[in-house]
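J.: Now for the letters of each chain:
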Amino acid sequence: MARPFERALRYFPKVRRRWLWGMAAVPLASGLPLAVISIVGHVVDGIDPTQGAGDAAGGGAGLGAGSGASMSPFDAAGWGGLILLLVLVAAAAKFAMRYCITGASRDFERIYRQDLFAHLMSLSPRDLSGVRTGDIMSRSVADIEAVRMLLGPAVMYNAQAIVVVPTALTLMGLLDPLLMAVMLIPFVGLALVIKVAARPTQRWSQAAQEHLADVSIAAQEGFSGIRVLKASTAEPRAGALFRRMGRKLYDANLALATLRGVTSAAITAVKELGVLAILVLGGWHVVQGQLTSGQLLQFIMLLGFALWPLIAIGWMLGMWHRAVTGYNRLEELFSIAPSVDRASDPVRTEPLRGELSVSGLTFAWDDQPVLHDISFELPAGGSLGITGRTGCGKSTLVQLVSRLVEPPAGSVRLDGHDVRLLDPASLRRAVSVVPQDTFLFSDSIRNNIAFAGDHINDEGVQRAAKLARLHEDIQGFSDGYEQLLGERGVTLSGGQRQRTAIARALAADPSVIVLDDCLSAVDSVTEQEILANLRRTLEGRTAIIVSHRVNALRLADQILVLDEGRIIERGSHAELLAAGGLYAEIAERQRIEEELEAL
Amino acid sequence: MISHDTDQYTFNRIGGASDRKLLRRMLVFARPHVAALLTSVGLLMGGLALRLAGPWIIRTAIDGPIATASATRGTPAFDLDALTAEITRLGAIFLGVAAGISLLAVLREWLMNRTGQSIVLSIRDAIFHHTLRLPVTWFDSHHVGWTVTRTTSDVDALSELFTTGVATIAYDILTIIVVLGVLTWLSPTLAVAALLVLPLMIYVSFRFRLKARLAYRETRRSLSMLNGFLQERLTGLDVVRIFRRQQASEQRFAQLNGRYWADNMATVKHFSLFFPMVDVLSWSLRVGTLILGAWLISNERLSLGTFVMYWMLLDHVFEPIRELAERYNVLQAAMAAGERIFGIFDAAEEVGPVPVEQCVAAAEREAAAEDAGLAPGTQKPSPRPESAASQLPLVQFEGVTFAYAKGPDVLKDVSFSIMPGQRVAVVGHTGAGKTTLASLLCRFHETANGTVRFDGRDVLHIPHAELRRRIAVVQQDVFLFSDTIAANVRMGDPSLSDERMAQVSGAVNADRFIDKLPEGYATPLLERGANLSSGQRQLIAFARALASEPELLILDEATSSVDSETEAWIESATATLLEGRTSLVIAHRLSTVVNADQILVMHKGQLREVGTHDELLAQRGLYHRLFKLHLAAAAP
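Protein chains in written order, with the working numbering: chain A, 1 to 599; chain B, 1 to 636.
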């Protein structure tokens, strides 16, 4: 945040052309109406019956008074035609102004948001752990919008004010300098009203926002805690609390509305005072012959036309504040640096065979030690089982091995290369992880399975689905592989979701596949079927299977038992059972559970 | 399961029979404010009259002193002082008018907003009040977020009906009619020109609003797609990384972002076209007026002052026409919100439906009591009848079978009884139906098959309030409110004295951590008590239960792991809580089970074994296996 809006200014050249076209239209769009008003004044003077009656001495300053002779309806029609022409040109300019300036701001918004998304995609969930997803979304929409408003509408209204206000005042000065000087009073008065009202309006609207949030939190709590409320017969108390919150919101809303009412009344009053000045001072000048009736009307119209850009500037003050806050909130996101760095000179060796070696791996999350001195060798095509209680470090190990989290230098090697030095693209192609929390996208089931790339064809999708025991389920869907998942489509069972995730990993055709406790929701029969299938497909692939279930692990070449981040047991299924340690206990427990299930 | 927002308004839907019915229901809330609403309308009318007065004064000035001046200038009849006086007099009137306009505007804004906000307040209270009285099953099928939206945004949208809605629309229409009337009175010929152009303006305006609304809806749709995509990619960020789909995601995002942009540009185009179009139309009318006016004046059928007044009044027609279409949209949104809100009012309460009006009345009574310094429900619960016939069971389940909604049976033909003073533990694997027993007993759900009796009466015949006063429940997932610790302990009994609160907290070891907090019992809790550990939250729930001195305590022991010190506190607190009290414990702690007078072993919805710890172990059945499982799990 070296300079305000530095990043935003960087995008500006890309939208400059359209924006400048819009700005170029401003003088025409807001200047021509002033000319039209002058013509109206002139025509009104022309048709003034008292003016045309040979009043030779009455010529005062200004445009209309000099004409003297009464204007025939035909002449008036001619002037009317000119007015229409000018109005048409002004309308076209107004269109160009709005369309180009607002359009440019929309272009800007689009580029900004795209850049934000690209940045987010370079990060890992850990990097974003301090920000809630809902918050990121609101920044991506509301805050970018706030910055856009500054470039679009705010600039437009400002430019109009810059053209209209001085021109209108100059025109007034030409007609009647004294009256123009008096007119400064409503202009300054209006600016003052807006200035004075801006701060409390902002304060109260913020208060109203906060109280509204309180009300919705109170409602949310009441509804979420409905059982407790009912069990304690505390509904009336919750009602009273809610009412108190509502009362505060009421006060803030009423204060805000009253403030707005007073402000708008003050604006009206300022304008009416301007008209009053025109009536009294201008009327007196007309009587004295220094001004004409048409010019009087012209003054009133100029006043009405020139005041509103000032009101718009009042909005602009609020916009500026919101834009600065929004911009800073966006910069907070942009300033998060990706924790998984790219190697400066990445090793590109393809295909990777999948020989994994972990040596002396010790890791901590923010000073919280998770893994201690983990070492193992997994030859290409070999299989490794990992188990242990919740929180023993299994998932962290998986994330490090697959470089979802940056491991310490030299501790994790694939085909002899430190994973940190491997080209991320090669690494990703070689290693597929089926994470613990199955995440599917609300897209078709086909696209979910083929998520790894557009090169995966229907055949590959079906093969993967069959291996994951998912094909039959899919055939049961009304739209088959094109069935949409999520809100707009079907809701899969936990087991189906996990099998879809497995199919997705298999479709990517990796040389190393990591199953991170991904069969927990699958029933034991299907689990056995999937594992049997996997054995066939995993032929020649390196596999890491993390599981709580002994059944899922028993076929692995080697099994690691983790406890508090350390390997406490290591060996094959049979060896570990014989050892009678934690693994054997877990196996016994699961045997009883199966018995219970069968009863 | 979730009822989705039906935010799709159909157009031209106002005026149907259902809408009239809806309006009538909404007007119930407006009834107490009739006087204020009528006054607002009066103020609006007064404001209108004064706004017409301004141009009239200008006309008088032009046709009066100014015309006289022109006619007499240079002649002896020219009397500057008299003319100045005349203009000053008109200026004074104008000043009065301007002051009146501003004053009326302030009054009107204040009154209309006060009325509108009061109505909002009473609707919001009524709906919250009503919702709390809905059966728990209703909450199972309605998302909390959805319900919250009804009480917040929808109520706000509905309030528009009362603030800027009905009164302003009426005022706009009235303004158009009155001003048109005045224009016709000023010059029928000129008014004909106006009547030719104005319908076109109304048409353009409504057409634009319709298009803008449709375009806006498209924008909302593409925005929600964009947001949905963003949210998914963020939640599934690791999946994106695993399969290295960042670039592909960016491309897809670019498409969606581009669609959102295109929809916005369509809106931009509509707006960019609309305003210049209105300009052209209004200026066509003005030019026509100017030419016709010139002709009328030259024929001496119109005075210049009248012409100027007419000219100035034209603005007063253009403005409401521009606004009218927008207000109509607001009205539609309000009606749609109203429909959703009244949908909740129509959901039946636990004990029969209560008319909306009564809800309002009840909410207001409570508020009045509150204002008078009386917390509601301060009366102590009536002293419980000492169960003279202690041989009668306090709780009795007879052949209870139960299923949630259309799901499978979670309880199958369950029968058992709890004698006064008895401690009963329920054990079983996850999903055995343990928690459902407690729900039926508190009448959160009602069983169709079998009977649940409390103190000899079918729970279906005991009023909720009485039942829940006599039974205290400590849930597994303790729910605390974002209020002070004291308020949470006092949940069931607001009149609980400080001494008693300290006493109960001490009895369940809660004081051990509360006393260490800088603000003690006044410590405010975050949402759901997030600033406490799960063990601390349980201790507060224990204190809450103990304070209410229940006849029956239902305790659903937590399974979440806590540190060993807290574990020891909870264990001794559990003992205190259960001491000499009739209780039903859904047990996870070995000590609780072993010390129970009776153990119910639930399995797959059935009550499979009943007995004491030793009896059941000897049976070597389900309980025996569960016990072994427990030991295996607890093994170091």
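Take these hints with a grain of salt, some might be off.
Unchecked claim - To be clear about the criterion: a stretch of chain A counts as covered by chain B if any three or more of its residues have a C-beta under 8 Å from a C-beta of chain B, and this derived list gives those stretches: (1) 90-99; (2) 289-299.
Stated by the list, open to error - DEER-style ranges, computed between Cβ atoms: (3) L196(B) to G134(A): 33 to 43 Å; (4) N551(A) to E615(B): 51 to 61 Å; (5) G46(B) to R10(A): 34 to 44 Å; (6) S497(B) to A584(A): 48 to 58 Å; (7) E6(A) to R252(B): 27 to 37 Å.
I should point out that these hints are in silico values taken from the structure, not numbers from a laboratory. Remember, it's a predicted structure, so these values are computed and weren't measured experimentally. Think of the CB as a built atom: it goes at the ideal place given N, C-alpha and C, for glycine as much as any other residue.
J.: Run every hint past the structure and note whether it holds.
T.: Taking the hints in turn, this is what the structure says about them:
1. 90-99: holds (count 7)
2. 289-299: holds (count 4)
3. L196(B) to G134(A): 33 to 43 Å: About 54 Å separates the Cβ atoms of L196(B) and G134(A), which means 33 to 43 Å is violated.
4. N551(A) to E615(B): 51 to 61 Å: At roughly 34 Å between Cβ atoms, E615(B) and N551(A) fall outside 51 to 61 Å, so the hint is violated.
5. G46(B) to R10(A): 34 to 44 Å: Roughly 55 Å apart at Cβ, these two residues miss the hinted range, so it is violated.
6. S497(B) to A584(A): 48 to 58 Å: 56 Å, holds
7. E6(A) to R252(B): 27 to 37 Å: 29 Å, holds
Checked against the numbered hints listed earlier, the structure breaks hints 3, 4 and 5; every other hint is satisfied.
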